[in-house]
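Engineer: With the hints as a guide, dock the two chains, each given alone in a separate frame, to form the complex.
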Amino acid sequence: MEEHAILSERLEDQLKAVEWAKAEQKRLLKEKGESLSKKLMEKMTPFILNQQSGNK
Amino acid sequence: MGQYENKDNLKDLEMAKKRDRKIMITDEAIKKVPRIQYKNIPESEYSIIQELAKSVLQISKDENKSNEVAITYSMDSAEHIQKGEAYIGVALGSEHEVDPISNTTAYHLVTSARECIVIVLHNHPSLSDFSLSDVKFLLQFAGVKMMVVITNLGNISYLVKGKGYTYENAIALFNEAVSMSNEARNLKDLQKAADYFLRNCYSVGIEYDNR
Chain A
1 MEEHAILSER
11 LEDQLKAVEW
21 AKAEQKRLLK
31 EKGESLSKKL
41 MEKMTPFILN
51 QQSGNK
Chain B
1 MGQYENKDNL
11 KDLEMAKKRD
21 RKIMITDEAI
31 KKVPRIQYKN
41 IPESEYSIIQ
51 ELAKSVLQIS
61 KDENKSNEVA
71 ITYSMDSAEH
81 IQKGEAYIGV
91 ALGSEHEVDP
101 ISNTTAYHLV
111 TSARECIVIV
121 LHNHPSLSDF
131 SLSDVKFLLQ
141 FAGVKMMVVI
151 TNLGNISYLV
161 KGKGYTYENA
171 IALFNEAVSM
181 SNEARNLKDL
191 QKAADYFLRN
201 CYSVGIEYDN
211 R
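So the sequence lines, in the order shown, correspond to chains A and B. For the first sequence, the tail end lands on 56 under our numbering, and the numbers increase by one without skipping. For the second sequence, the tail end lands on 211 under our numbering, and the numbers increase by one without skipping.
Source of the hints: derived by calculation from the structure; they are not laboratory data. Every residue gets a Cβ at the ideal spot worked out from N, C-alpha and C, and that includes glycine. Hints may contain errors.
What the hints assert, rightly or not - The calculated label-pair distances, taken between Cβ atoms and stated as ranges, are:
| id | chain 1 | residue 1 | chain 2 | residue 2 | range |
| --- | --- | --- | --- | --- | --- |
| 1 | A | Thr45 | B | Thr111 | 22 to 28 Å |
| 2 | A | Ala21 | B | Leu187 | 24 to 30 Å |
| 3 | B | Thr166 | A | Glu9 | 41 to 47 Å |
| 4 | B | Thr166 | A | Glu12 | 46 to 52 Å |
| 5 | B | Gln50 | A | Arg10 | 49 to 55 Å |
In isolation and in its complexed conformation, chain B is listed as follows (with noise of 0.2 Å):
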């Protein structure tokens, strides 16, 4: 058993290396995605939470060629449950992008929200952390709560609007970051731009952690 989590753990390195590339989804991946205590969370989710971004991991492994899954879920699940309503949306999109709403019970939950319930689980083939995409995604819907990015070797990264969140902040940060992003020449200068949201965001109210 230890000689094969060994080769599997290898098998991870060496992809991990290429990180331009797709990495495959591996069961040892789906296994070692952590239960995270998140910020302006409520703990009754945490488990529920880690269940659905190994759901992400496992969809996208079995269905979808390790390419990109969203997963759509609504805190308020139990109401949902009790009227026998659609409470979860699976997306399924490319090695590069997905469309979280192309779902319908997705853009039903994201647009009719009364409150800032929603959260939007997708996984990342090629391990990077949030894209510019993922913000503007996060602040474009008032109801979206937390985005959780999941890499495919079972790393999570998450965004959260908290108590000092302000869109109108919050855009200004975002205008920032697209000004650089811009200038950008390629790919890695795309990045620097997103880093520089996510290291700012704090001060428009939105908690960034990268575990």
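So that you can see chain A by itself, here it is in the shape it has in the complex (with noise of 0.2 Å):
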């Protein structure tokens, strides 16, 4: 079940949006790099082979 979302003005219900804002923000920018990572592997993996068997 999804967690409420309460609207509210008050001064710790605010902040508890902001630390929200900044906790998902950090989850998605790890979600990217990961993604990231494999595209970064993806476009290294023959540069590494081509360069190591160059080197024997």
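Structural biologist: Here is the structure:
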């Protein structure tokens, strides 16, 4: 079940909203990093194998 | 073409004057990332490291608003490739920080390396040199062989552990630098404390170079 989202003007609730946004930002950056790692490995693998066979 | 290059250079210079601010990465900066003959690193890795350094800037420019990006790479990549395992981790950060091991692969590489073979590259948007936190990261993880900093203008500094490296001596020097930073009143003083470590790290088996 989804967590209830309370609409509130109280300071503590607004601070909670800010904390939530920061945590979400961190989570999204982490996800993006994981996907970029895969793309970078796809690009680098032939380059690395080529470099290493060239040095043998 | 030449005219555009001059314009790019001028833009870089104007931005460089504002050292405390983030410099936006240009294609020109990415192109000029040098191939360096790193001390204590096998020659077969030089071109790979150059490509990874360019990738740091490219990813930062395209995907992270020219903010900090860290790439963690293990020099035993061929073994990982053969086994179908991950050997590169990318982590995205903010204007002033990035946590390289927030990436799952990077965490695994750094914490489980059986030898000192991991390289961590990251960019500094405001063109500063190594910070005390960067040095701490190098010392903290035995598997980390080298840290490379690429400025958003494409210049490179690196710290690499050599044969004479001992953890105990490095920590003693680091503590000297930290005691200087405890008296620091501003960012300049903090950089001076880090510079103290960079100037003296050869004595504890760490090579520092700045291109």
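Engineer: With reference to the structure, classify each hint as holding or not holding.
Structural biologist: Status of the hints after comparison with the structure:
The supplied range of 22 to 28 Å is met by threonine 45 of chain A and threonine 111 of chain B, whose beta-carbon atoms lie about 23 Å from each other. Take alanine 21 of chain A and leucine 187 of chain B: their Cβ atoms lie about 27 Å apart, and the range 24 to 30 Å holds. For threonine 166 of chain B and glutamate 9 of chain A, the Cβ-Cβ distance of about 59 Å falls outside the hinted range of 41 to 47 Å, so the restraint is violated. Distance hint check: the CB atoms of threonine 166 of chain B and glutamate 12 of chain A are about 50 Å apart, consistent with the given range 46 to 52 Å.
Range check, glutamine 50 of chain B to arginine 10 of chain A: Cβ separation about 54 Å, and the 49 to 55 Å hint holds.
When each numbered hint is compared with the structure, a violation occurs for hint 3 only.
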